[in-house]
Amino acid sequence: MKTLPLVLSLIVGMAVLTPAVRAAETSSLTVTFSGITAAKGVILFTVVNSEAAYGDKAPPSAQAMLPVTTKTVTKVITGLAPGRYAIKAFHDINGDGKMNANPFGIPTEPFAFSNNAVGNMGPAKWADASFEVKAGANTHSIVID
Amino acid sequence: MNRRQLLQSLSGVAASAILTPELAQAAAQLKQGAAAGINWQVAFADVDADLPRAPMKRVHGRAPGDLAGSLYRNGPGKFHRPGGSVDHWFDGDGLMRAFRVSDGAATLEARFIDTHKRRVETAANAVIQPGFGTAGKAGAQVRNADDTNAANISVMSMGGELWALWEGGSPVAMDPKDLSTKGMKTLRDDLVHMPFLAHPRRDPGGDVWSLGLSGTQAIVWRVSADGALKSADMVSLPMASYVHDFTATKRHLILILQPWIQDRMVMPYSESFTWRPKLGSKVLVLDKDDLAKRRIYELPPFFAFHFGSAWEETDGTLRFDGCFTEDARFATTNGKAFMKGTYEPEPTPILTLVTLRPDGRATLDATGVAAEFPRVDGRRSGDTRRYTIHATATAPNSPLFHGVATYDWKAGKSDSYDFGASQLVEEAVFVARPGGSDELDGWLLAPSVNTRAKATELHVFDARRVAAGPLCTWRSDHVLPVSLHGVFVKA
Chain L
1 MKTLPLVLSL
11 IVGMAVLTPA
21 VRAAETSSLT
31 VTFSGITAAK
41 GVILFTVVNS
51 EAAYGDKAPP
61 SAQAMLPVTT
71 KTVTKVITGL
81 APGRYAIKAF
91 HDINGDGKMN
101 ANPFGIPTEP
111 FAFSNNAVGN
121 MGPAKWADAS
131 FEVKAGANTH
141 SIVID
Chain Z
146 MNRRQLLQSL
156 SGVAASAILT
166 PELAQAAAQL
176 KQGAAAGINW
186 QVAFADVDAD
196 LPRAPMKRVH
206 GRAPGDLAGS
216 LYRNGPGKFH
226 RPGGSVDHWF
236 DGDGLMRAFR
246 VSDGAATLEA
256 RFIDTHKRRV
266 ETAANAVIQP
276 GFGTAGKAGA
286 QVRNADDTNA
296 ANISVMSMGG
306 ELWALWEGGS
316 PVAMDPKDLS
326 TKGMKTLRDD
336 LVHMPFLAHP
346 RRDPGGDVWS
356 LGLSGTQAIV
366 WRVSADGALK
376 SADMVSLPMA
386 SYVHDFTATK
396 RHLILILQPW
406 IQDRMVMPYS
416 ESFTWRPKLG
426 SKVLVLDKDD
436 LAKRRIYELP
446 PFFAFHFGSA
456 WEETDGTLRF
466 DGCFTEDARF
476 ATTNGKAFMK
486 GTYEPEPTPI
496 LTLVTLRPDG
506 RATLDATGVA
516 AEFPRVDGRR
526 SGDTRRYTIH
536 ATATAPNSPL
546 FHGVATYDWK
556 AGKSDSYDFG
566 ASQLVEEAVF
576 VARPGGSDEL
586 DGWLLAPSVN
596 TRAKATELHV
606 FDARRVAAGP
616 LCTWRSDHVL
626 PVSLHGVFVK
636 A
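As they're listed, the protein sequences go chains L and Z.
Heads up: the first sequence begins at 1 in the working numbering, then just goes up one per residue.
Heads up: the second sequence begins at 146 in the working numbering, then just goes up one per residue.
If you are wondering where the hints come from, they were derived from the structure by calculation, not from laboratory data.
Just so you know, not all the hints are guaranteed correct.
[What the hints assert, rightly or not] Lysine-lysine pairs mimicking DSBU-like chemistry, simulated, CA-CA at most 30 Å apart:
| no. | chain 1 | residue 1 | chain 2 | residue 2 |
| --- | --- | --- | --- | --- |
| 1 | Z | 395 | Z | 433 |
| 2 | L | 98 | Z | 375 |
| 3 | L | 40 | Z | 375 |
Just chain L, same shape as in the assembly (with noise of 0.2 Å):
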């Protein structure tokens, strides 16, 4: 199915562990996740700077994971650049580190892109989820679920 190389990206741009850029610390960003319905388990996600990154051909500027014990959860990044931004989520609802798919390979977990991008048989396209993130604090909020 198309949609298993968008589960492999996401697991694959989870793991990639990877010092968030410090050149410039001059921005903030508040992202915050609505719409869970399972209160439970964490939200992994990555924010990437590039096209590139976002396609995970380059490492992401931040990942965070985020215990999920609310329906609305929030996370402050710091130490980005300005810059144009896009976040990639999923809900591992389950905590098992893994974003589930079903025996055909449709994620069986909630996904969501910055934005709310949704993409057509696969990932949000970079030019739909990406944003700006200017000097000093941002907000950005995704539903998920």
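Position chain Z against the provided structure of chain L, taking the given hints into account.
Okay, now just chain Z, sitting in the frame of chain L:
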């Protein structure tokens, strides 16, 4: 890129300003059809709003007093939106209809199934989600198969709910009382969005079996009568065939694998398949109690959407019937042509008996009878039976079927009634006579689109005297598009 997209991409040229060959052909056929008094296109016209329950008018005969219950039927009901339309009949929004019969009177109501696809497309004012024969357009939102689920093929009654069925995604639960949508049915959390075919097989008084397909992999669903999942197992298939229906005996599941092969995954879905007649057809027989026990039979190439229930004879011979064509052309041509108001006359499906012998030989015996939408007396499902119920009678100037029939396998005889080319007759469903037990002791309920009256009708036949014509006909004030499959639920 399809023709419409190509036309739309030509800058500064409105698609509607160009007379394409299809439009020219449509105009010619409209003229030809009009000359014969047949405006069959009304059977594929959009329904714009739900139809509240309203009495049907009795226009012929009289209904049996002990016929009581609801005939639920599903089929695509909306095809066009201002910003873009479906390219294929099978991609219209699922419209659930309920014909309710009691005390000799009938009512009709219809309600669209509230799918993600319909919501997204209503908001976009355009058909944008990809489907069986429709390419996705800009703005399509597909996270999983259920985002494209049109819930538009059939309906089953499960645990007090109706399940509207597609074939590439989940069943959609509905309330039989008012046809409101409850939501997608997840039979087990780890199996969310798995496909569930539109043609489940019900063991009389027992479990329901269904399949879901992806290439050479199939999931085998076993669901109890109350709607709870009993088991879900994966099996591998010898060919990546298109599978719309399967059949079953009491002890076996029988998967008919025809050489319309999925050799890639593209949208629209039907373009993932290639006709490869050199591969022939295969029949995979699985033991219901142990899916690892399997036999494979070889047959010549053929295509069929639908099969009758199967039975096993004392020597182990398995038999079932189907409505066979020489290739998959309906799926790729007329399903699209109807949406343009045209159709190309094509060979009619022929009722054909398949025999699978214990020594491994398999044979096909064609009856020569034009047939589609085969059904049986459900009390005989999986058991030896004598009769197949089916739609019949084709005409050169009007598509689909114009009559109802039963075929008697013992006598080799048909009992049929032809309404004539101006009526597009839908699948007939058998309803047992209360207190009766003999095969076909009961009625056939078959709706039709009466193209002259521009109205949906419901006909009741004595199942053992079809040629005598309908016992009763009711007519609605409205015309609904031709539906595909239905189920009768006793009052």
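Consistency of the hints with the structure:
no.: 1; hint: Z:395 with Z:433; in the structure: holds, 8 Å
no.: 2; hint: L:98 with Z:375; in the structure: holds, 27 Å
no.: 3; hint: L:40 with Z:375; in the structure: holds, 27 Å
Every hint from the earlier list agrees with this structure, and none is contradicted.
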